[in-house]
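Undergrad: Each chain, written out:
There are 2 protein chains.
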Amino acid sequence: MSLLVVGSVAFDAIETPFGKTDKIIGGAGTYICLAASNLTDSINVVSVVGSDFPDSYLQLLKDHHVNLDGLQIIKGGKSFFWAGKYHNDMNTRDTLATELNVLADFDPIVPESYKNCKYLMLGNLTPSVQRRVIEQLPNSPKLIAMDTMNYWMDSAWDDLMETIKLIDVLIINDEEARQMSNEYSLVRAAQKILTMGPKYLIIKKGEHGALLFDKTNVFFAPALPLEEVFDPTGAGDTFAGGFIGFLAKTDDISFENMKNAIIYGSAMASFAVQKFGTDALVGLTQKEINDRVQLFVDLVQFDINRA
Amino acid sequence: MSLLVVGSVAFDAIETPFGKTDKIIGGAGTYICLAASNLTDSINVVSVVGSDFPDSYLQLLKDHHVNLDGLQIIKGGKSFFWAGKYHNDMNTRDTLATELNVLADFDPIVPESYKNCKYLMLGNLTPSVQRRVIEQLPNSPKLIAMDTMNYWMDSAWDDLMETIKLIDVLIINDEEARQMSNEYSLVRAAQKILTMGPKYLIIKKGEHGALLFDKTNVFFAPALPLEEVFDPTGAGDTFAGGFIGFLAKTDDISFENMKNAIIYGSAMASFAVQKFGTDALVGLTQKEINDRVQLFVDLVQFDINRA
Numbered sequence: 011m012s013l014l015v016v017g018s019v020a021f022d023a024i025e026t027p028f029g030k031t032d033k034i035i036g037g038a039g040t041y042i043c044l045a046a047s048n049l050t051d052s053i054n055v056v057s058v059v060g061s062d063f064p065d066s067y068l069q070l071l072k073d074h075h076v077n078l079d080g081l082q083i084i085k086g087g088k089s090f091f092w093a094g095k096y097h098n099d100m101n102t103r104d105t106l107a108t109e110l111n112v113l114a115d116f117d118p119i120v121p122e123s124y125k126n127c128k129y130l131m132l133g134n135l136t137p138s139v140q141r142r143v144i145e146q147l148p149n150s151p152k153l154i155a156m157d158t159m160n161y162w163m164d165s166a167w168d169d170l171m172e173t174i175k176l177i178d179v180l181i182i183n184d185e186e187a188r189q190m191s192n193e194y195s196l197v198r199a200a201q202k203i204l205t206m207g208p209k210y211l212i213i214k215k216g217e218h219g220a221l222l223f224d225k226t227n228v229f230f231a232p233a234l235p236l237e238e239v240f241d242p243t244g245a246g247d248t249f250a251g252g253f254i255g256f257l258a259k260t261d262d263i264s265f266e267n268m269k270n271a272i273i274y275g276s277a278m279a280s281f282a283v284q285k286f287g288t289d290a291l292v293g294l295t296q297k298e299i300n301d302r303v304q305l306f307v308d309l310v311q312f313d314i315n316r317a
Numbered sequence: 011m012s013l014l015v016v017g018s019v020a021f022d023a024i025e026t027p028f029g030k031t032d033k034i035i036g037g038a039g040t041y042i043c044l045a046a047s048n049l050t051d052s053i054n055v056v057s058v059v060g061s062d063f064p065d066s067y068l069q070l071l072k073d074h075h076v077n078l079d080g081l082q083i084i085k086g087g088k089s090f091f092w093a094g095k096y097h098n099d100m101n102t103r104d105t106l107a108t109e110l111n112v113l114a115d116f117d118p119i120v121p122e123s124y125k126n127c128k129y130l131m132l133g134n135l136t137p138s139v140q141r142r143v144i145e146q147l148p149n150s151p152k153l154i155a156m157d158t159m160n161y162w163m164d165s166a167w168d169d170l171m172e173t174i175k176l177i178d179v180l181i182i183n184d185e186e187a188r189q190m191s192n193e194y195s196l197v198r199a200a201q202k203i204l205t206m207g208p209k210y211l212i213i214k215k216g217e218h219g220a221l222l223f224d225k226t227n228v229f230f231a232p233a234l235p236l237e238e239v240f241d242p243t244g245a246g247d248t249f250a251g252g253f254i255g256f257l258a259k260t261d262d263i264s265f266e267n268m269k270n271a272i273i274y275g276s277a278m279a280s281f282a283v284q285k286f287g288t289d290a291l292v293g294l295t296q297k298e299i300n301d302r303v304q305l306f307v308d309l310v311q312f313d314i315n316r317a
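Residue numbers (our numbering), protein chains in the order written: chain D, 11 to 317; chain A, 11 to 317.
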């Protein structure tokens, strides 16, 4: 089922206690597409880069079934660039550089050939840009999922509220859910956010897993306990890509199937953090993915035995 | 199956954003016993109080199948007292008072009638005191579980190492596991701690659930997402009490059954935090417990559907 992904395609420079990269391919859109490409093979992307973006990176995306007709390449422009350094605990980081460059004036244009998309994943971007994508679609997709961040809650609240009215699944982290709802309890936060528009809310808790809420149900997926985390960059986007990729592949948006989608998203994220940048998302085999998902099954499944 | 619990029986004074108590019944031993009493009905306790400890509190324990033959009542002595105040996030607290009183010179004496215990739960105490209990048992119990804390890692490391060689299940929190192993990754921490003596390690992560490790397996139990936490005091001890109570009741120490024991421990802890002190552990019905356990099943169970 055709999946449309909107999100940054960019350069990252990453430093962790395990090493340091030069400018490598990064961006929310990139992680979402690469993660989804491990599950589904018809992915369209809307994004923007500068003419400094290497052909080899464009080819990497094409090799992963990502259609680039909606990728604007701005002549003479520079691609979005982010640099960050993780602390020893890997849970906190310093941002060393954020250069919006061509992303600053990004006006998303959805090609005609993309307009019948059934699944839409809006990576973290200005809420008004996310909304302009939805507005270009003549038919409402079967499911729209969206990521956002606290920055937009501070700087573009009204726009954010207008945009989340149009979507089905909001994917944010625990800190963002608390800020958005002004509630500390994640259960209360979810109840409140589910009155703001989305039918489903996913709260990501990083190494502590993720919660899926609708108005009556809650599901919890753990993160896989790992011996080592090499690079957390893009883990949240990878999770979102695995989630939407699984839904697009199975074309089933029941709560039961969303549980599976979250497990697949978590599995993808568990791969992502084990290598630098997007390295771990490239070249995964079906067997590796199945084995990883089985680790999640083994981690949480039990047969209840009444006391 | 007879369960022996060793741990403090004490007074607590608690302040949370929701209210404040006078001196009420508290202590690790108390929480462990009350939690276990909801699952099994043959509980022996070894502990110490002063003559200031009210008969009504002793009666409360007796009413919950707790045999007090091993409870020393020191004439003219004062019971252990702890006072604390929780911050708004409920995850951090200030200790306002710690008066060891009769606990300072506690010399545990195991009555003859307790000596054939099959399950032993050592609540957090000086490691040498915990060891003196084990040394009084003529036959090794089927399972010994033990809690400890970072304070003993700092002040009684050698004693702690000697004691954990004698036990089966160590129950500590994530911060303590990291300190004990000098490893940040909980997987690596577990691998290291499992070479120090215990066959099983449970790492409690508070609101983020708990992990059970042996040398080859890992299991994760979530905490229940709650609308409101009124008082986290004793949650860890309650978890331990539910865990050991379930094992004593079912008399099955396989890894599979330990998964169930952890779910029951987590269920008990989820009750405990919903009222002040031990209030929520008193008067629970079997139906309430079953319903609560079912919430844990519903929260994490899924049928895997391969992509």
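Derived by calculation from the structure, the hints in this document are not laboratory data.
Predicted model, so just to flag it, every value in this text is computed and none were measured.
Some hints here could point you the wrong way.
Stated by the list, open to error - In silico DSS-like pairs for lysine-lysine, Cα to Cα no more than 27 Å straight-line:
| # | chain 1 | residue 1 | chain 2 | residue 2 |
| --- | --- | --- | --- | --- |
| 1 | A | K85 | D | K215 |
| 2 | D | K285 | A | K285 |
| 3 | A | K225 | D | K202 |
| 4 | D | K225 | A | K225 |
| 5 | A | K202 | D | K285 |
| 6 | D | K225 | A | K297 |
Undergrad: Please name the hints from earlier in the document that this structure breaks, with their numbers sorted from lowest to highest.
TA: 1, 2, 3 and 4
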